[in-house]
Amino acid sequence: MTVIDKPHLTREHVLSLLTGMIRIRKFEDKCAELYQQEKIRGFLHLYDGEEAIAAGVIPVLGTDDKIVATYREHGQALARGVPMTEVMAEMYGKAEGSSGGRGGSMHIFDAATNFYGGNAIVGGGLPLAVGIALADHMRGQTHVTACFFGDGATAEGEFHESMNLAALWGLPVLFVCENNGYAMGTAIGRYDSDTDIHEKAAAYGMESRVVDGMDVVAVEAAARTAIRHIRETGKPVFLECKTYRFRPHSMFDAQLYRTKEEIETWRKRGPIVQFQSWLLKNGLLHQEDVDRIEREIDDEIAEAVAFAEAGTWEPEADLLKHTMAEPLPDPEPTPPSGETVETTYREAVKQGIRDALLRDDRVFLMGEDVGAYGGCYAVSKGLMAEFGEDRIRDTPLSESGFTGAGIGAAAAGMRPIVEVMTVNFSLLALDQILNTAATVRHMSGGQFGVPVVIRMATGAGKQLAAQHSHSLEGWFAHIPGLKVLAPATLEDARGMLWTALEDPDPVLIFENVMLYNRTGQLDTNAGPVDISKAAVRRQGDDVTLITYGGSLYKTLEAAEELAKEGIGAEVIDLRVLRPLDDATIMASVGRTRRAVIVDEGWKSGSLSAEIAARIHEQAFWQMDAPVGRVCSAEVPIPYPAHLEQAAIPQVPQIVAAAKATLGRS
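What the sequence shown shows, in the working numbering, is residues 406 to 1070, in sequence order.
Hints in this document: simulated from the structure, not taken from any laboratory.
Given the structure is predicted, the values throughout are model-derived calculations rather than measurements.
Hints may contain errors.
[What the hints assert, rightly or not] Taking CB as the label site, the calculated pair distances span:
1. Gly545 to Ser1009: 47 to 55 Å
2. Lys444 to Gly467: 29 to 37 Å
3. Gln1023 to Gln441: 31 to 39 Å
4. Lys867 to Trp718: 48 to 56 Å
5. Gln441 to Ile668: 16 to 24 Å
6. Asp434 to Pro984: 16 to 24 Å
For each residue, glycine too, the CB sits at the ideal point set by N, CA and C.
Let's have the full structure, built from the sequences with the hints guiding it.
This is the structure we're talking about:
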C-alpha cells in the first residue's frame, strides 16, 4: 500500500467532515448532561476526542459494508447514519430506540445500515467481524467489514486469534484500533510490552499502518487507501489510529490515573479544534459556517431528546420477547422406507453433516482438525475430499476466535456448523457463546439472529482423566438464548442436526463420547427430527427414570433389571436440555408418582437439580416419594478405569435409586 488516496478537500467535503465531528461531540455532551440528570443510566462511555476516526473512516464505506463497534459506539452509529432520534431513544431505553430499548448505550444495533452493534466485551467484536467477513468471502462478495476496538483489546487473546484467522483466510476486514492510550485507567506502557500496536498486526502478515487519529484528513486518506486495498485483494488491513479520550473511561470514572494538565495538553490538539482552526485560517470556511452548523446540530439534538422523552417503555408483558425467535413448527416425520442399514452413531452424525452440506450451500463445517485429519473422533473423515477446504474448514487452536467467527458468519446469513473438539475446550469459547450468540437477538431488539450450530463431544468413560471427561451440558442449559440438544439415538444423531440448522437461533449439540462406536439399525429414509420434545423410550407405571445422552442406555438396562422384579419403569430421554419439555416429564410423573433423574453432571447445581425442582413445583401433590437423583460423584473424573466407572452413574445405582422411591431396598 504505497499509494495514499488523498481526499479532495472541496468546501462541501470539509463541511461534511467538520459537521460529522461536531455532531458527535455535541450529541455526547448532551448525553453527559442527561446522564447526570439520571435519564441515561448504566455505563456511559463517551467518544469525546476520538471523533476524527468515525468521521474519517465510516463515510468512506459503502452501504453494503458492515460495521462492528465497541461499547463507545455512539459516534460510530451516528457517522453510519443511524438516526439520532433512535440512538437517543436507545440511550433512554425506550421502545423506539434503535435496538428497541434492549441494548442501551453499549449495544446500539441497526440492521438497516448494516451496523452490527456495540459490544461491551473488550475485544469481543473482533471474532464476530472476522465471521461476518468470512460470510462475504465465501459468497464471493467484495464487501468490507470494519471492526472498531480500543488499544486495550489488543492484549486479549481474541485479538490475536482474530488477526491470525483474518490473515490466514484472506478476509476483507478493516481493523481500526482506536488507540487512546488507556485501557480503562491503565496507561498502555503499563500493560503492553510493545506499544506499537500496528506491529502486532503486521506480525500476522497483513497490511498495517499507523495514522494520527486526531487528524480527520489523515484518517480519511488512510481509510480510503485501506478500503481500496481490501476491495482489490480481499485481504485485511489494520489501522492504528493514535488518539485520546478527553473524558473519563465511563461516567463512573474519577480519572485519578492522569493529570488535568495531560488532558488539557491533548485538548489543544483535539480533532475539532485542529481542523476547524485550519479551515478558518485558510478561508475554506467562515465563522458563520461554523455557527450555522452548530445551530442545526443543536436543533437536531433537541429533536432527538424530545423524541426520547416522548418515547414509550416496553410493557412488562413483553419481557421475554426477543430472547428467542418464534419457534418453527416441528418437521413432518419422514415416512420409513422399510429398509434399514447397520451403522454407528459416529456415521449417523457424519451423514447428518453431509446431508446438510448437500442440501444448503450456506452450510459449512469449521473447527480444529475437522478437515485433513477427519475430526478428533473421525466424524468428518472424508468430507474435505468431497466438499473441499472452503466448506470443511480447518481452524487454528483458537476456540474463542473460530467460534466467534462462526457466530459472525451466522449473523451474516450463513449456516455454520462449529465443532469444538471436546466440551472442556468450549470454556475457552464461553465468552462468545454466552455474551454474543445468546444475546445478539435480545440486545438488537430482534434485528439480528445467530443461526449457528455448535457441536462438541462430552462425557466420561475413555480414561481421559479430569481435564477431558466433563459433562457440562447443564452449564449451557442455564443460558437463555440458546437451545441445547443431547441426541442419544442414531435417528437423533442424524436428524436433529437437520432441524437445528434450520433454526433461527444458536443450537448447541452435545455428543457423548461413549456413543460414537455404538451400532444399530437406521432407516435409509431417516430425515429431520424435532428439537422441542422429550421422548418416552420405554413405558412403565411404577417409576419414571429421566435421563439423556450417554446415560440413556444404562437407564434402559436398569429398567430391564427392574422389570425382572416386577417394577415397571418408564424411561424418558430428555433429548432437549433447553428448553426442557416439562409437559412430557409431568405427564409421566403424574402417572407413576415417582421419579429418578440420571445425570452425568455433578449433583451440586446440576441439570438434575433443575428438573427435580420443576417436578416439586408442578407435581408435588401427585408425588408419593421424593425425587431421586443419580449423578457423578463430586470429584474430578479419575484416570484409573475402576475409579472412573465408580465416579459416573452406573446401572446398579439407577436400580437402587428406583427401588428407594418404592420403599424397597
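Hints and how they fare:
{"no.": "1", "hint": "Gly545 to Ser1009: 47 to 55 Å", "result": "holds, 51 Å"}
{"no.": "2", "hint": "Lys444 to Gly467: 29 to 37 Å", "result": "holds, 36 Å"}
{"no.": "3", "hint": "Gln1023 to Gln441: 31 to 39 Å", "result": "violated, 48 Å"}
{"no.": "4", "hint": "Lys867 to Trp718: 48 to 56 Å", "result": "holds, 53 Å"}
{"no.": "5", "hint": "Gln441 to Ile668: 16 to 24 Å", "result": "holds, 19 Å"}
{"no.": "6", "hint": "Asp434 to Pro984: 16 to 24 Å", "result": "violated, 45 Å"}
Of the numbered hints given earlier, the model fails hints 3, 6; all others are met.
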